[in-house]
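Knowing the structure of chain Y, use the given hints to seat chain R on it.
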Amino acid sequence: MGAKEILKGFTLTVNPGEVHAIMGPNGSGKSTLASVLAGRDAYEVTGGSATLEGEDLLEMEPEVRAREGLFLAFQYPVEIPGVSNMTFLKTAVNEVRKHRGQEPLEAKDFLAYFRERQKLVEIDTNLVNRSVNEGFSGGEKKKNEVFQMAMLQPKMAILDETDSGLDIDALRVVANGVNKLRNKDKGFIVITHYQRLLDYIVPDFVHVMYDGRIVRSGTKELALELEEKGYEWVKQELVGA
Amino acid sequence: MGETGTGWGMSATETISVQKEVIFSSKEKSSFQKEASSYLANTGIPTRKSEEWRYTPIKRLFDAGLRHEDARAIDGVAIQNDIEPITDFHNKSFIPALCVAGAHGIGLIESEGNSEIELIGPSTSNTLWTRYTQIRVTQGRSGNLVIRSNVGHTTSLVADFVEISVEADASLELVVIEQGTGNQALSIAVRQDEGSRFTATTVTLGGNLVRNELNVAFEGPQAECHLYGLFLASGTDLIDNHTLVDHRVPDCTSNELYKGVLAGKSTGVFNGKVYVQRDAQRTNGFQQNRNIIIGDQATMNSKPELEIYADDVKCSHGSTTGQLDDEALFYLRSRGLGVVEATGLLLTAFADDVVASLGNEEIRNEMSELIRDRMSGLS
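Sequence lines, in order, name chains Y and R. Quick note: the first sequence uses numbering that gives the first Met the number 0, first residue 0, plus one each step. Quick note: the second sequence uses numbering that gives the first Met the number 0, first residue 0, plus one each step.
The following block holds chain R by itself, in its conformation from the complex:
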């Protein structure tokens, strides 16, 4: 199927046109790339019938025609050809499979100290770019990495699969800043070893269709992760955050806080899975999702999913979607603040605890300012 050299074979007739246009190059593929191709061949491009893609019509982009083109490599990142995947997501999930199947190599980042990369998207219409990148933080080291993207074309798609390995006693603070008007899929899969620490803050300031996937698996005890997210959707933006924290071993802690602000006719999706496997005793798992809708026609789809198979755990989750506090708004207005200023102030305050999670002061200040600007423009 995927080995024919003309891309992946589509079984369903409805995807034939897609098959013609999305053709990966026929270069020699490694075994995991063949696995990815064959996964794609079997499942095709997900429709909204798929639970994972229920609110995010990614297939529409393919149906409108997407030409696969070699993506521009990330500046400053070396391409490797002889490394193996860190996780098995290429074999079980659409975006990772797409990126792995279409890759000509793996971008490798050995993270230590401060670094920053930019994920560039295509500058032409109806173009698909895919990239596969690995980030490794070796034992005992600590890294701070900022990933920025600013994707433009509303008929193109840039898909990135980023695998991260945080080795024993290592730590990584990851900041993702997405600004743009185009379509972007960013799937991050993290493997954490014993005693490691991982913090991710994903800030999405808009986009026609943005799909963020963040999957964290604990493979060694005493590890912890902190996942923060903030999105601001306006117009007809669709911002989708899917997270999965998989507690496979005992004594790990996960803490998750995702917030969204929806204006206009925008759509937001939050799907947060926390799995606590049978052996993962003494797990702490917390998840919060809070959304504010300020647009009359905006929609938020929030779905926390906790699956707990161990019996000695502390887990909680909560999800709320509401409107701005009318009382607070009136209070501010009664002091002379106009609706726009008052709304901006309240929304900035709403975002505050996510911004406060940023360890790097420079980034924190940059984000406060960006968010303040965007928030006052939203109302």
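Just chain Y, with the same shape it has in the complex:
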């Protein structure tokens, strides 16, 4: 197998309550970063560390990372025919509760919680009674990711190009969901190719990723500058330096 180095020295700290946007051209390593943090086994971590509240993430199985409070909103959510969203989420929520030493939710309490979360992120009922993502449109899949995030209430959420392929209405629903979930305890990493999403989810920090590294960091103005000048600008600056 041809092994290829993708992430080449990457340092980022997200404090509770902060939203960090990571932008960068295709192939810069943004999605790889998300996958590695979530524990996808197609990647080998050759060095460095990743911690969540001081705990070593890289030592954990993907499900343990999730139970510890890490969430990845997939760029391409997987369709799972035959598994209902409801069963899936009930199992997931109760696994997380078990991990925290809490009793599983009874059917009635689960349903109440389910409805409350649904209302919060304004995601309509007919999505959640179907099989996981089966036959969902691109927008519906992304909404479902946000709904799952609302159900699991992670400490650290990574949104991997959640805006890709969304029309403006879906984008608004997704962004609104994230904004509702934003609070002083939660951290977010929003990975995006375009500045557009950041009009709706206003980040505290913006980082530009190129060739496996963060090459520039700044505030939300950096995203606007990037939108205006394009990624070529960053590349040229790097070559010039």
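The hints are simulated quantities; they were obtained by calculation from the structure and are not laboratory data. Treat the numbers as computed from the prediction; the structure is a model and nothing was measured. Here a beta-carbon is modelled for each residue, glycine too, at the ideal position from N, C-alpha and C. Be aware that one or more of the hints could be misleading.
[Unchecked claim] Label pairs and their calculated CB-CB ranges:
no., chain 1, residue 1, chain 2, residue 2, range
1, R, Lys-264, Y, Arg-171, 52 to 60 Å
2, Y, Gly-217, R, Gln-322, 43 to 51 Å
3, Y, Glu-102, R, Glu-361, 25 to 33 Å
What follows is chain R alone, placed relative to chain Y:
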């Protein structure tokens, strides 16, 4: 040969020990029983050289020694002595021949409304039980029949030949539920007349050696059959499903979906034949076989066989054997589900369309639960 009263004569020397131990009683035999005996005498116990038994070493059980003992009759089923076979399988296939030759009569079930039977196996080791049963659904009637079995001994064998006649405009929904750790051969041969409807769902939740044969022949037009199968094999289980749908007349429909999950070092066999005879114009024949292998050392042998001699037909078949979808597994794990829960959920979903085929809600719920339990234990 088979008329000597000491069982069937074996021509090959290698089966002599078998001949000594498998001795059928010398009671008066009817002509079709003599045919069955003489078929056995001519062919012997099939070895793996026989295409029909290539992956299923049934001869091993005989070689290890099997004493033929009168099988316990099926509870609630009357034994008849004066009825004739519905098909000619006793004269052309091993399990039917074995069961017919060894029978002391035919169990007869007139199916109408809901009924359930249990196929019990021997409780002693190295024992062979054979039974021959007929199920008849008379013209215009409809029946729902559940056949259960839970066979134990790994050195014994219970063989059943079940012939089914679904008469004109009649319908039968058959559910077969096999749970157990022993050896079982269940050969079902179905004759369908004009306008009849037959649905079979065979669920096999394990077994040392399980051989299911399901043969359907359309003898009248406008008939349809739906054959569903699901097996879960683990450990060193061997689960073999052989099906044959014979379109002999025009305008019939057959639809077949068999699924298997293989864990551990288990082996699965699917052989699905669909014959469309020259006169069987406007036939619809569909067959799907899907298998998931979750054991590193499990093997699946899948062989769909379509033979079409008519020119105006719609037929298709497909067979896939693969592993669980890694992406789906990772997706579920990334939401906090452990490998065992995630695998169980995915396998249960895989089985879902077979379970959904069950018309009886009570049975459907029972099966979902059983399958969910077994699936979460497999990974």
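- Query: Hint by hint, which ones does the structure fall short of?
  - Reply: none
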